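Dock chain B against chain A, hints included.
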Amino acid sequence: MLDTDRARADDEELVRACVDGDRRAFDVLVERHQRQVYRLCYRFVGSHEDASELAQDAFVRAYRALPKFERTSKFSTWLHRITVNVCLNRLALKRPAHQTLDDSSAIRAPGETADAAVLREERAARVRAAIAQLPKKQRATLILRAYHDLPHEEIAGILGSSVGAVKANFFHALANLKKRLTNE
Amino acid sequence: MTHLTDQQIADALGGDPASAAHVAACPACAAKVDALRDALRDVTDVDVPEPSPLFWAGFAARVNEAIDTAPPRRSWWGNPGFAWATIAAALLVVAAVVFVPRTAREPEPRVAATKTVAPAVTEGERTPIDDVLGAQPWPEDDDAWELVRSVAADLDYDAAREAGIVPRPGAVERAAVELDDEERAELVRLIEAELKRTGA
Chain A
449 MLDTDRARAD DEELVRACVD GDRRAFDVLV ERHQRQVYRL CYRFVGSHED
499 ASELAQDAFV RAYRALPKFE RTSKFSTWLH RITVNVCLNR LALKRPAHQT
549 LDDSSAIRAP GETADAAVLR EERAARVRAA IAQLPKKQRA TLILRAYHDL
599 PHEEIAGILG SSVGAVKANF FHALANLKKR LTNE
Chain B
2 MTHLTDQQIA DALGGDPASA AHVAACPACA AKVDALRDAL RDVTDVDVPE
52 PSPLFWAGFA ARVNEAIDTA PPRRSWWGNP GFAWATIAAA LLVVAAVVFV
102 PRTAREPEPR VAATKTVAPA VTEGERTPID DVLGAQPWPE DDDAWELVRS
152 VAADLDYDAA REAGIVPRPG AVERAAVELD DEERAELVRL IEAELKRTGA
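Chains as they are written, first to last, in the working numbering: chain A, 449 to 632; chain B, 2 to 201.
Isolated chain A (complex conformation) (with noise of 0.2 Å):
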């Protein structure tokens, strides 16, 4: 396949090139979600370094997984399985870094003033620290639902739940959540 085949093909055209040895097809499908995966640890971790390392694992799996996977679901959303397993797999073996201001650094967004900067760094931070607190499967079906906006049947394929479960956790990821934030 050409470069310009590649560019212009589906995840689907992608897999099955990667699975007929194209290598560099692969790379087209990294280069096309790797953002979304990082974003997705990144959500489960907060720190730049894991969030990296845990993004570059969920695609090695990804490319070592692809003669297996069955095309019942689309790529992305089976990449999402993949990564959220990755990333609760080592929720299990580690806890989250603590997070400092430093972390995410209090960018000043375009006239917004440093006092105004620094306090909603701060905001930010609280819930984040909410959010690591909540149980796994909360926090998935939140991150999944609220960051990347999937809809509650994908977040089921991906989390391995019903539709049923997935909406469940997110009414009660959000009431915990607020509780949290609400007792500060």
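Calculated from the structure, these hints are not laboratory results.
Treat the hints with care, as some may be off.
[Unchecked claim] Once the Cα atoms are required to be at most 27 Å apart in a straight line, the calculated BS3-like pairs of lysine-lysine come out as:
1) Lys197(B) to Lys584(A)
2) Lys585(A) to Lys516(A)
3) Lys627(A) to Lys197(B)
4) Lys584(A) to Lys626(A)
5) Lys522(A) to Lys584(A)
6) Lys585(A) to Lys626(A)
7) Lys627(A) to Lys584(A)
8) Lys585(A) to Lys522(A)
9) Lys585(A) to Lys33(B)
10) Lys585(A) to Lys627(A)
11) Lys626(A) to Lys33(B)
[Stated by the list, open to error] Chain B residues, not near chain A, derived (Cβ > 10 Å throughout):
12) Ala21
13) Glu179
14) Arg198
In this text the structure is predicted, and so the values were computed from the model without any measurement.
Backbone N, C-alpha and C fix where the C-beta goes; we use that ideal spot for every residue, glycine too.
Leaving out everything else, chain B in the frame of chain A:
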């Protein structure tokens, strides 16, 4: 009025028309949905810092490198090393069961039931416990017994009793009940010998 379930509230947050219609007519559910919508807004306000463009420029290459260098993960039960370790552990257990001397695994023989001959103890070496047991035998090379014997040499029974080192209530009776016929006969012989020795 029936209120929305948790799942229907999740639907309402996603803009489901049926749930939204209920929320419009139900202040209680509207309050719940508003509270959760505030929490959701707090969540979505938090952004992920964008890494530098250089990070993305080299990301696919790093993934490729990792694919080429990192060995494929094996399940632990399929790992030959794990299989050999399991076999080795099993062999060690078998060896321990088969080759460890029986005496090391058997409970300490009761003194009265022991048939071995006691090492000769000179009169000067006799301890109070020797006096109690008379010529009762113990294994010649038994370090544990030797330790008990040396400790007993300085034993002050009254001090021990004051320190609370006394048989628990019923312990003697329980021990007597647990003796077999041979042990019980031996105990009788010991008591008679001790009574005779002290002239009681």
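**Q.** Numbers of the earlier hints that this structure fails to satisfy, in rising order
**A.** Hint check: 1 and 3 fail, others pass.
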